[in-house]
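**Q** The primary structure of each chain is shown beneath.
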Amino acid sequence: MVEANKLGKKYMRRWALRDVDLVLEKGKIYALLGPNGSGKTTFMKMVAGLIKPTSGTVTFNNGPIGVESKKRVAYMSTEPFFYAYMTIKDVGKYFADFFEDFSVEKYEELISRMDLHMEDKAKELSSGQAAKLKIAATMARDAQLYMLDEPLNGIDIIAREQILKAIVEVAGEDKTLVISSHLVDELEAIVDSVVFLKQGSLVLAGDAEEVRIERGKSIVELYKEVYA
Amino acid sequence: MGKLIKYELKKQMLSKIIVGVVAAISQVIFFVGLLIDNPDWSASGIGILSILGFAAMFYFSFETIVTYSNDLKTKQSYMLFLIPRNMYQVVGAKMITTFLQILLVGAAFVAIFVVDVFAISAKKGEIKEMIEMIKMIFEQIAGIPLNTTEIIYIVSAVLVVWVEFVLMCMLAITLSTTLFANKRYKGVISFGIYVVLQILLEKVADYVTKNMMSSETLGLNADSWIYMGIYAVAMVLCYFGTTWLLDKRISV
Chain A
1 MVEANKLGKK YMRRWALRDV DLVLEKGKIY ALLGPNGSGK TTFMKMVAGL
51 IKPTSGTVTF NNGPIGVESK KRVAYMSTEP FFYAYMTIKD VGKYFADFFE
101 DFSVEKYEEL ISRMDLHMED KAKELSSGQA AKLKIAATMA RDAQLYMLDE
151 PLNGIDIIAR EQILKAIVEV AGEDKTLVIS SHLVDELEAI VDSVVFLKQG
201 SLVLAGDAEE VRIERGKSIV ELYKEVYA
Chain B
1 MGKLIKYELK KQMLSKIIVG VVAAISQVIF FVGLLIDNPD WSASGIGILS
51 ILGFAAMFYF SFETIVTYSN DLKTKQSYML FLIPRNMYQV VGAKMITTFL
101 QILLVGAAFV AIFVVDVFAI SAKKGEIKEM IEMIKMIFEQ IAGIPLNTTE
151 IIYIVSAVLV VWVEFVLMCM LAITLSTTLF ANKRYKGVIS FGIYVVLQIL
201 LEKVADYVTK NMMSSETLGL NADSWIYMGI YAVAMVLCYF GTTWLLDKRI
251 SV
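Protein chains in written order, with our numbering: chain A, 1 to 228; chain B, 1 to 252.
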């Protein structure tokens, strides 16, 4: 589904991502792991078409990143990005206007389940509520690839459960999910594969269960080992 | 592209509502003055309306440029760069929105002005004199006798020069974002790039009208039309330049 070959991004003199070779397969849930500055967001933004690579290539369904890939890829950034004038209802209308795979019914259902109100202004929401809004807008799409950048950041434990539930619900044979997070223990239970990035380079990637058996450690323990 | 234009207009809706409210207040002042035979009130109403018309056109263009800058430098950029639309549509929507704003705001203020003139005429019964007086004022401002061709030229020139100005500013902002992505003072750099581009455009326009095509070779007033044509070409080049940079170079 996604294939990166020697993918790199350089900002001034610093490589944010360097020589990354990675294949993301259909129907899997990936945990994209690494501390701040490891290149997780840069990788996701390149697949989403927000950042142009400095070197190497990245393709989606064997085609370039562009208008066609954006129809099938749902990216959720860490930061809120909606226009200042928008209410939660406006956000839904915007997504419905531009994404053919967006379901207004599903969006309304997710908004209701997450205790949000359609009339509330997006810019006036708390960080937890804003995270829920981003998740609802992203998961209401029937995309082929979902990329969620730190979806659990700054979220209380109750809201975390709601968000994880919404994420897991969309998983299926034809869907691929990539989730980046520092909260490795929360992700370990739901992911099929893991990708470890360190200082812009790929240090470990593979099936989560195989990695556990091969290394004799849980993903949390491996995370501590790689980044300690 | 219609949906993109809709959201471009929505982003700048607040300023339009404010202008609409102030225009409505100026009209109330004008009509109250007319009804109670107080020329000071009527003149104040017309005065506010005239200043507001020019100020609104300037402000809306400025706001379009600021909105574009925010579309590149803030996270709001994701709203445009994540959607499945090519950059020709995105920039095209901004160009058409600018064009529509100038056209509609201009038309709205002219329409209000005409209504006011007819209201005065209905009250005073001097419509012919009023129209002659307005024509005389416009001729003095424009410095030329007004006929249909001149009116078409003035309206076209205002539209072309204004849209070219906004697009050149957008190109300057895009260039500075591409070349100096992580630098401070990007705004100052953008302004510098704009000034350089505008000076180059003026030089080209002067060169063409003086050495290649002029009123002497093409007939009376040809200079003005050639000048406008050069600005129209610059407008198109700015559109393609901005789009190419956004498509191939910009990371947000």
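Fair warning: there could be bad hints in the mix.
Claimed, not checked - Label pairs and their calculated CB-CB ranges:
no.: 1; chain 1: A; residue 1: Glu79; chain 2: B; residue 2: Leu200; range: 36 to 46 Å
no.: 2; chain 1: A; residue 1: Lys26; chain 2: B; residue 2: Thr74; range: 28 to 38 Å
no.: 3; chain 1: A; residue 1: Gly63; chain 2: B; residue 2: Glu150; range: 21 to 31 Å
no.: 4; chain 1: B; residue 1: Val28; chain 2: A; residue 2: Lys165; range: 51 to 61 Å
no.: 5; chain 1: A; residue 1: Lys123; chain 2: B; residue 2: Phe99; range: 24 to 34 Å
no.: 6; chain 1: B; residue 1: Val195; chain 2: A; residue 2: Thr59; range: 39 to 49 Å
no.: 7; chain 1: B; residue 1: Leu237; chain 2: A; residue 2: Lys26; range: 53 to 63 Å
no.: 8; chain 1: B; residue 1: Leu9; chain 2: A; residue 2: Ile158; range: 50 to 60 Å
no.: 9; chain 1: B; residue 1: Thr74; chain 2: A; residue 2: Asn36; range: 45 to 55 Å
The hints are simulated quantities; they were obtained by calculation from the structure and are not laboratory data. None of these values were measured; they are calculated from a predicted model. Virtual Cβ for every residue (Gly too), placed ideally from N, Cα, C.
**Q** Does each hint hold? Answer for all of them.
**A** Evaluation of the provided hints:
Between Glu79/A and Leu200/B the C-beta distance comes to about 38 Å, which sits within the given range of 36 to 46 Å. As the Cβ distance of Lys26/A to Thr74/B is approximately 34 Å, the hint placing it in 28 to 38 Å holds. At about 53 Å, the beta-carbon gap between Gly63/A and Glu150/B misses the expected band of 21 to 31 Å. Look at Val28/B against Lys165/A: about 56 Å separates their beta carbons, and that is inside 51 to 61 Å.
Checked against the hint of 24 to 34 Å, the pair Lys123/A and Phe99/B passes, with Cβ atoms roughly 29 Å apart. Take Val195/B and Thr59/A: their Cβ atoms lie about 42 Å apart, and the range 39 to 49 Å holds. The given range of 53 to 63 Å is broken by Leu237/B and Lys26/A, whose C-beta atoms sit roughly 44 Å from each other. Taken as a hint, the range 50 to 60 Å is violated for the pair Leu9/B and Ile158/A, whose Cβ atoms sit roughly 40 Å apart.
Separation of Thr74/B from Asn36/A is about 21 Å and departs from the stated range, judged on CB atoms against 45 to 55 Å.
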